[in-house]
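Student: Okay, here's what each chain looks like letter by letter:
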Amino acid sequence: MRLHWAHALSRRLWGGWGPSQVARSMSRHSSRPAGDPASGAPARRDPPRDAQDNDRGPAAFAAALETLERIPGRRVGRLELVAAALAAMPALGVAREREAYHRLLRLLPRGPWVPRGPIQRLLAPFPQQQECGLQILEQMERYGVVPDAETRFLLLGVFGPRSRPVRKCQRMLYWLPRLRHVDPHPLPSVLPPPGLAAACLGLRRIANDPDAHITVYQRPVPDEGDNENEGSVQPYIVGAQSPEQQELLARHGPARPVFVEGPFSLWLRSTQLWYYVLRGDPLPPHLRTPQTPSAACTTPCTLTWTWSADPGTTMTSMWTRWRRVPSSHCAWRGRVTGTH
Amino acid sequence: MALTTMLLTSAYLRGRCCMHKLLHPSLGPLLSNSTSKLYSSYRRPGSQPEKKPSWQNIDFSFKKGFDVLKTQLSMLKKETKDYLVGPGGHPLDQYLLEQTRVLWEFRSQEDLNKWVISSDVEIGGKSEVYLKLGRNNQAALLYGTLNTEVPRDGETKYSGYCSMRAKLPMGSFARKKYYDWSNFNSLYLRVRGDGRPWMVNIYTDPYFSHQKDDLYNYFMFTRGGPYWEEIKIPFSKFFLSSRGRVQDNQHPIWLDKICTLGFTIGDKVDGPFQLEIDFIGLLNDRAHTEEFAYEMYEKNPRV
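Protein sequence lines, in the order shown, are assigned to chains A and B. Going left to right, the first sequence walks through residues 1 to 340 as this note's numbering numbers them. Going left to right, the second sequence walks through residues 1 to 303 as this note's numbering numbers them.
Calculated directly from the structure, the hints in this document are not laboratory data. All figures in this text were calculated on a predicted structure; none of them were measured in a lab. We treat Cβ as the ideally placed atom computed from N, Cα and C, and that holds for glycine. Hints are not guaranteed to be accurate.
[Stated by the list, open to error] The following residues of chain B were derived to be distant from chain A, with all beta-carbon distances above 12 Å:
no.: 1; residue: W55
no.: 2; residue: N57
no.: 3; residue: I58
no.: 4; residue: D59
no.: 5; residue: K64
no.: 6; residue: T80
no.: 7; residue: E110
no.: 8; residue: Y179
no.: 9; residue: R192
no.: 10; residue: T222
no.: 11; residue: Q247
no.: 12; residue: D267
no.: 13; residue: P272
no.: 14; residue: E298
[Stated by the list, open to error] Selected chain B positions facing chain A (Cβ under 7 Å, derived; list incomplete):
no.: 15; residue: P151
no.: 16; residue: G195
no.: 17; residue: F221
no.: 18; residue: R223
no.: 19; residue: G224
no.: 20; residue: V269
no.: 21; residue: N300
Isolated chain A, as found in the complex (with noise of 0.2 Å):
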């Protein structure tokens, strides 16, 4: 029944706009790209008039919001509200915002959703409106943003306690504080974007060595009017290069080829990089001097017990396998990195 009288008598009598209208309005939003004004048919119902000028994603999904917050009405189409608001939540850019999901949490009633007494608890009671309450918190786990307190304190007041979505949040108070801290070799929070800048960063990575030097060569802007390439960045080649690496290469001897290799691909979280090698052979065994135990050794000295009637034991034949020679690269670290 399409009783669209009764929702412009609502609209007029209590003023604002219903969760459906909201809803519309969201996934609107999304839909349209930003910073396009009025792109195809007018809508039925003209949207308000602050949401037009606020076209920008964190603005628009604020807006959307925010006539619902003042005026709450009826409490009816939550549900779909949040599903709305959720699926739009990544277009408008505000999916890694707590504040975001704290805005949505506060728009659900608070206690009827409470099961009072322990046989209604029984009963699995309010399977969907628990079920969206997990999908806030689902879509929370995705984009990586960690409930707080107040996300707990609001999913009490709108579930009550021991009910799915507060257990749900407390898992994640527990887990994701530990694993937000778990990689060895962590990234800067905020990544540069792809330019130089990221080159730079993922040379640093690779190289392994904080003595290492990092070379810019960048052709210099021109002097005279060449208006297209006015503003832009010139091209560039980074390179980086260890003391140790320039060490073998002084020793390399001219009679033997060097090779660049690649482009070989590196993540940067989101971004992928192509680097290139110089790499050299490895000598002949001959030629080759022996190599002393690195002094910034971080592996604690194990005890190897041989015994004393086998003395070509399998102990120590297969600690040396690990030890291997360097096959394809100018310089092999024998460090032990990465460790959990």
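With chain A fixed as given, assemble chain B onto it according to the hints.
Tutor: This is chain B only, laid out in the frame that chain A set:
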């Protein structure tokens, strides 16, 4: 000979309850190709359920049965000899004193055949994964492309994963065998990645069938770059999960009955990935005294 085939297949079917996702290498050629769906209890939404009874898929052929019997008998002979040498086929002093062990080394195609690769194509996704030998046959190269496009079947919400799992250790006549890693406390991997995070999964075949989806997981972060990385992951860091959900009741992994080790990538980033593995080994790190990395307090107390 028909009796042999029936015995082998009945052993396979009995063991199927706890290994629903993992392949049986020795019995694969005995059954026809269409039974690959039998190995997994997952049925894609919208697909027809299996109507053919399982006994109709068995191939009653004398020649094949005879060949299988010969291989099984030779495996049994080898097992008896290993049993006489010592635990795990190695002498007793090695078992008592060892601090390192190399489990899987990738030097030839038969080393690669001990592993199974899979991706989200099983659930209708579009990721690709391939496994081949690396340069100079010195490492295994696991590469492919991750695609997080969700299959449109109305049920699936997330997609985009690729994995590589070791095949189950099988004794003669399709008996389950287990790895005993109780002498060690860390996993030692020599890998070269491209900067993407991986997850290491260990499956310990549980006694009860309702625990059949239990996996112990931990992360393996690769740096990327031309240098090889030697990654040590202590077993005390592995947390328990079931069907992909981290459980509330955690306990340290029991190392005496390990079935499989696996690597998974699912970091929600579309694009190609690459991992070279030189070898996978075990280490008894005497400096690592931690028993379990996670506090055992009640994670969902009565509120």
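Student: Any hints this thing doesn't respect? Which numbers, in order?
Tutor: Numbers 9, 10, 11, 12, 13, 14, 15, in rising order.
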